[in-house]
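Colleague: One line per chain: the protein sequences are A and B, in this order. Numbered continuously in numbering that gives the first Met the number 0, the first sequence closes out at residue 284. Numbered continuously in numbering that gives the first Met the number 0, the second sequence closes out at residue 639.
Simulated from the structure, these hints should not be mistaken for laboratory data. Hints may be right or wrong, so weigh each one.
Straight-line distance between alpha carbons at most 27 Å, and here's what the computed DSS-like set of lysine-lysine pairs gives [what the hints assert, rightly or not]:
(1) B:K569 with A:K51
(2) B:K210 with B:K86
(3) B:K346 with B:K612
(4) A:K51 with B:K612
(5) A:K55 with B:K480
(6) B:K105 with B:K210
(7) B:K575 with A:K55
(8) B:K346 with B:K480
(9) B:K346 with B:K147
(10) A:K51 with B:K86
(11) B:K210 with B:K346
(12) A:K55 with B:K86
(13) A:K55 with B:K573
(14) B:K480 with B:K612
(15) B:K147 with B:K86
Across the chosen pairs, the derived CB separations fall in these ranges [stated by the list, open to error]:
(16) B:G583 with A:P57: 18 to 24 Å
(17) B:E531 with A:S232: 54 to 60 Å
(18) A:L238 with B:A485: 55 to 61 Å
(19) B:A584 with A:P57: 34 to 40 Å
Glycine is no exception: its CB is placed at the ideal position from the N, C-alpha and C atoms.
In case you want the letters, here they are:
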Amino acid sequence: MTSVQVFLALIAGLFLAPLAVGVLTGVDRRVTARLQSRIGPPILQPFYDIAKLLGKEPMLANHWLAFCSLLYLAGAVTSVVLFFLQADLLLIFFVQAVGSVFLVIGAMTVPSPYSQIGAHRELLQIIAYEPLLILVIVGIFLTTGSFKIEAVYAMEQPLLFKLPLLFLVLGIALTIKLRKSPFDISASHHAHQEIVRGVYTEYSGPYLAIVEIAHWFEIVLILGLLSLFWSTSVVGLVLLLGITYFVEILVDNTTSRMTWRWMLGTAWITGITFSLINLLWLYYG
Amino acid sequence: MPDTLLFILVVVPFIAALGLYALRNDSLRMVLVLATAVLLTGSSLALFSHETVAFSSTLLGINPQPLIVLLDFVVLFIILAVGLSAKHRLIIYLAGAQIVLLAVFKLVSPAEATGQAMFLVDPLAKLMVFVVSVVGSVIVIHALPYMKNHEEHLHLTTSRQPQFFAVMVLFLGAMNGLVLTNDLGNFYFFFEVTTLCSFLLIRHDLTDEAKANSLRALWINSLGGLALLIGLLWISLDLGTVNIQQILAMTPEAAFLLLPIGLLCFAGLTKAAQLPFQSWLLGAMVAPTPTSALLHSATMVKAGVYLFLRFSPAYSGTFFSTTVALVGAFTFLAAAALAISQSNGKKILAYSTVSNLGLIIACAGVGTPAAIAAGMFLIMFHAVTKALLFLCVGTIEQRIASRDIEDMRGLYAVMPVTALIAVLGALTMILPPFGMLLGKWMAIEASAHNIVLVIILALGSAVTVLYWARWAGLFMTYPFKGRIYAESQPAMTRLPLFGLILGALLLSFYAPAIYNSLIYPAISILPLAMPEAVPGTSWGILVMERGSFPVIPLFLVAALGLFAAIYFYKVAGKVKPTGPYLSGAQSPDNENEYIGPLRQSILPATSNYYLEKIFGESTINRWVNTTAMVLILLMLGGGL
């Protein structure tokens, strides 16, 4: 990459992509509202929410929450920057895990039952989607011969044709990562569940704003991973992302939250079976 | 000069052990232990300044061979005597069989073959000597105040510290001998000495439980010893040599030798406490914590994985090596799953050791240059971090009188320094840019072409994150209680902890340099069957054919993030504290409690998810042990 490209990648990764995701979550809330016969908030509502949180008086039940919220952001931002610099996919994935781990540690520092249970459920979500993401990355490696993103962009044909089942597996991971039903175990969009907001419960005010922004970066990363499946044309890429995200919203609104046992079983059994079949195709095909 | 260094590394600990046993004076013991530690550390570092590969056939001009033969029989007869006095049939049979076979071996083995090139100093040996001598010394130093406390607690009339420290130091010498020797016969001798040392250390407290567990360790490791001896006899009869380098050079032509190599590997599995042999290492927890630290990090189990790495050229590219990778990977996943269901801190550490060693064995099985490099990285980083974590748990246990992690909830409020070191240690096990993760990254990328293997590694890697993140979070769980003060500790307790955490961080930072100066020379001279390119480094970035890991750049980013986070923590210190969220029912008197039925204040209590029904020992032990057994049979069969 030339220095201009690096500069553009940094701008895109640090500013444009998270802003786009902010708008996307606004659209998400609007579409969800329509599906539920409501009007829904303005498209820019997620930005108003963040701005309001940033203006709140900081209050904390434990100082380490502040520390952990920032490291969650740092991990998420670093992984997105690495993605836009077309680094090693497996490495990006491991850097992303830094953020997830600190989100959990922060939630665990407060002895509130809600955040404690949320933290443990978040850990269960992590062990549900982590192997799936690694296997998707392995599938990309078996197709391109490299773990680097630049090898994907060198492909002539969209990855989707070679990795259709792994794309579905990535869909499972995406649903978990987006905290959407039936996988919104550790924290849903709404505070009305038995664990309040779970892993987010004790983050408040500006620190919650940081956590929300970090989550946007995480969504950027997952959508980025999805975009690799149709890297050959912009139209294909936009269509693929649009359809996938719309399906996510539909699934979110037509299913109810399940237990973590169901989540772990479904994610592992379905995800690993699909991955295995797809990887075998690649290996012997 | 290597002659003198070898003498210090291998023989001096034996002499120091005699001294420690004979001189029953506290301050003399301290001086002797510190002097040995300094000598070992210095010599192991001095070894790095020598050329890549060096041979030595004598120690200070003396041929120790006759002495080793004598001591070998002495060790076996001691084990036999232990078996007889405990009326443990299995130990008696295993020791008896070894005595007979050893006599046969000494009678039929080619006499001239044993004399040449008795010791070999190559990069792998240097790495192992560093782990044994430096990490081992730190543990022995930490044991000085620890054992004093330990004995005060037990109200002993006569101190058993002379025995304890003698065996600890002897153990280090035996391990150094084991990794430096180039003679498979001598390797067997040192292997048996470590078995005996671990037996003595585990039974040290002489409780019924300790005695029972030490006997279990003895028979399982004797089983490995017997397998090793049979493999050794077979190889020496077929090839006419016990020179390890010659064996490695000959094995590609002598493919039928995979079965005796398989027996050696079987011995490695028992020593490294791989499934289904994990029970002895878990039983070893009854021993004082320095013992556990030593067994899990610098010695014993590392001998098992060293054997796999040392002999990897002998089986690389065969079906046998594929099954070795499977056996290791399965243990990596199964032991990590078992660790989830544990609340006993030492047990979590023990299962995590078994799991990580499985990963190293899987690397040896994959056998590409990158995989072997990953295995070497993992050995080094695991030794440092696991020693640290065991010493932390030992220190904590002496303060709070429990090793259950539920009792360590909120440890930061009680022992902030130790808690922070332990949390940082746990994080270096799972997160980038630290060395363990670097090793795991290399291992996964190196094995990505093997679908079954990589699925198992992916699952194991995720499961590992769960129990470490949970551990780190739990130490930090505490309600606001105003100012927290650093605990006071003896210097010989605190300095080893600081030294090890600093070591874990610095070694991670210098991973590219370590790769260039130590690991690259090691893997580039290996006669592997794999035609793959050897990874390199540039600008602190580790570059493989398949991907890259920017170690130094990530460290800079991590430092930046850490400074920002610390700044946030400092600023947050000024904000208004609140209690935890309790659905608006918070008690006005105590913000950590809520008003329950009958207007009573209730302190909410939570505990970790241990997922007993899924990952509990009683649920999955039978299945994982059976599967491991089947895989080992498959591995040995692969040698046919």
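Colleague: Honestly, which of those hints from before does the structure not fit?
Modeller: Hint check: 4, 6, 8, 10, 12, 14, 15, 17 and 19 fail, others pass.
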